[in-house]
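Q: Listed below, chain by chain, are the residues.
There are 2 protein chains.
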Amino acid sequence: MADTATARRSRITPEREAELYEAVLDLLREVGYDALTMDAVAARTRSSKATLYRQWGGKAELVVKAVRHTKSGETDEVDTGSLRGDLHALVTREDDCVMERNSALMRGLAMAMHHNEDLLRTFREQLIEPEMAGIRRVIRRAVDRGEVRPDCPALEFVVHMFVGGFATRALIENQPPTRAFLTSYIDAVILPALGVRVP
Amino acid sequence: MADTATARRSRITPEREAELYEAVLDLLREVGYDALTMDAVAARTRSSKATLYRQWGGKAELVVKAVRHTKSGETDEVDTGSLRGDLHALVTREDDCVMERNSALMRGLAMAMHHNEDLLRTFREQLIEPEMAGIRRVIRRAVDRGEVRPDCPALEFVVHMFVGGFATRALIENQPPTRAFLTSYIDAVILPALGVRVP
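Chains as they are written, first to last, in numbering that gives the first Met the number 0: chain U, 0 to 198; chain B, 0 to 198.
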């Protein structure tokens, strides 16, 4: 009976989880990854450190889950029937306002990963890999439909092309990618490289 | 007479300049940009701080010039008669060994730029801009020769495509770009996006 009550109390509702992630992102924006402590998260969210560790294991995982939570929708839900439709859908899941808001946060995390193996590994496993797996599924369906030739050499470089689109604006032009920019980039670069005609 | 002697002594020979840049790069690899001081450079190279400041103006400029010095050849010297030849020539100016050696150094500098406006501006002005101008000249000649259509939408994204090739290996695959990788990427992505057939 006591055990059931404990289990129930430690189960977190989706609303509470969302609230907690928002608080983590706010703290990240305020102090950055290195200065963020589990104590501060516990205080800000009025939860116990024990709960945070039990639920997330540690700071890196909590932060990465919070970032992942800002991404609306899952990559594998996208299936519009054409490669162009799927790629456009993938990059318009977030509105420009969210991308703008998260751009500095993501740059800060990228810096922290440089000297933080744990964060880098968690980020790769929980964010980059699932995103890339989703893109690979979208591309495989395009090959299966006959839209892209299975021996197209650009198939090896889909990730590189995407990163070029996302990162260059941030690095060189110092501005977040917008939906308009990303859809033009897909039409001008990714689809032609994959041999798909843009109407 | 005294003035001439002073002028002669403050004039730096190309050999001395190369030696100085090597020392700066060694120090950068040892301590990173933030911890690098002009005092340490002066001590290591047995020169006076006054000379360093007179010659380079400051730390950011000295560091960027040292990095630029590792790049053999100038972008605008490349003119093979075809876009494919020019792009391959551009990315094979440095051998894999140099790219490997400089990869960690460049990542460190990218991190330092994040909180160092002065370094970011100097890096953009003295390294990225001339490199991009060189690429634009190569592309313009291809358009003039009729190799690339002047209204090709990928023309706007040449820089993004290049950055995708260079940065993704470093960021996601955690390895420096090799000549073999970059030439395949040009053939599989950049040329097809520009509508140039690869033999």
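Note that these hints are calculated values from the structure, not bench results.
All values reported here derive from a predicted model rather than from experimental measurement.
One or more of the hints may lead you astray.
[As the list claims (entries may be wrong)] No more than 25 Å apart at the CA atoms, straight line, and that leaves these computed lysine to any residue pairs for SDA-like:
hint : chain 1 : residue 1 : chain 2 : residue 2
1    : U       : LYS70     : U       : LEU89
2    : B       : LYS58     : U       : VAL195
3    : B       : LYS58     : U       : ARG43
4    : U       : LYS58     : B       : LYS64
5    : B       : LYS58     : U       : LYS58
6    : B       : LYS70     : U       : THR167
7    : B       : LYS64     : U       : VAL30
8    : B       : LYS70     : B       : ASP150
9    : U       : LYS70     : U       : MET110
10   : U       : LYS64     : U       : ARG43
11   : B       : LYS58     : U       : HIS114
12   : B       : LYS58     : B       : ALA88
[Claimed, not checked] Derived contacts from chain U toward chain B, CB cut-off under 7 Å, selection only:
hint : residue
13   : TYR32
14   : ALA34
15   : ALA169
Virtual Cβ for every residue (Gly too), placed ideally from N, Cα, C.
Q: It remains to establish, for every hint, whether it holds in the given structure.
A: The hints, checked one at a time:
Proximity of LYS70(U) to LEU89(U) is assessed by CA-CA distance (about 11 Å); at most 25 Å being required, the pair is judged to hold. A C-alpha spacing of about 48 Å is found between LYS58(B) and VAL195(U), which places the hinted pair above 25 Å, so the restraint is violated. Pair hint LYS58(B) plus ARG43(U) does not hold up; C-alpha atoms about 41 Å apart against a cutoff of 25 Å. Distance check on the hinted pair: LYS58(U) and LYS64(B) sit about 39 Å apart at the alpha-carbon level, beyond 25 Å; violated.
A distance of roughly 36 Å separates the Cα atoms of LYS58(B) and LYS58(U); the hinted pair therefore is violated under the 25 Å criterion. Between LYS70(B) and THR167(U), the direct Cα distance comes to roughly 21 Å. Compliance with the 25 Å bound is thereby established for this hinted pair. Distance hint between LYS64(B) and VAL30(U) is unfulfilled; the C-alpha atoms sit about 33 Å from each other, more than 25 Å. Note on LYS70(B) and ASP150(B): the hinted pairing is violated, with a Cα-Cα distance of about 32 Å set against a maximum of 25 Å.
Between LYS70(U) and MET110(U) the alpha-carbon distance is near 21 Å, which keeps this suggested pair within the 25 Å criterion. Simply put, LYS64(U) and ARG43(U) have alpha-carbon atoms about 17 Å apart, close enough for the 25 Å limit, and the pair holds. Between LYS58(B) and HIS114(U) the alpha-carbon distance is near 23 Å, which keeps this suggested pair within the 25 Å criterion. Note on LYS58(B) and ALA88(B): the hinted pairing is violated, with a Cα-Cα distance of about 31 Å set against a maximum of 25 Å.
Because the closest C-beta pair between TYR32(U) and chain B is about 13 Å apart, greater than 7 Å, the hint is violated. At a threshold of 7 Å, the smallest CB-CB gap from ALA34(U) to chain B is about 14 Å, leaving the interface hint violated. At a threshold of 7 Å, the smallest CB-CB gap from ALA169(U) to chain B is about 10 Å, leaving the interface hint violated.
Violated hints for the displayed structure, listed by number in ascending order: 2, 3, 4, 5, 7, 8, 12, 13, 14 and 15.
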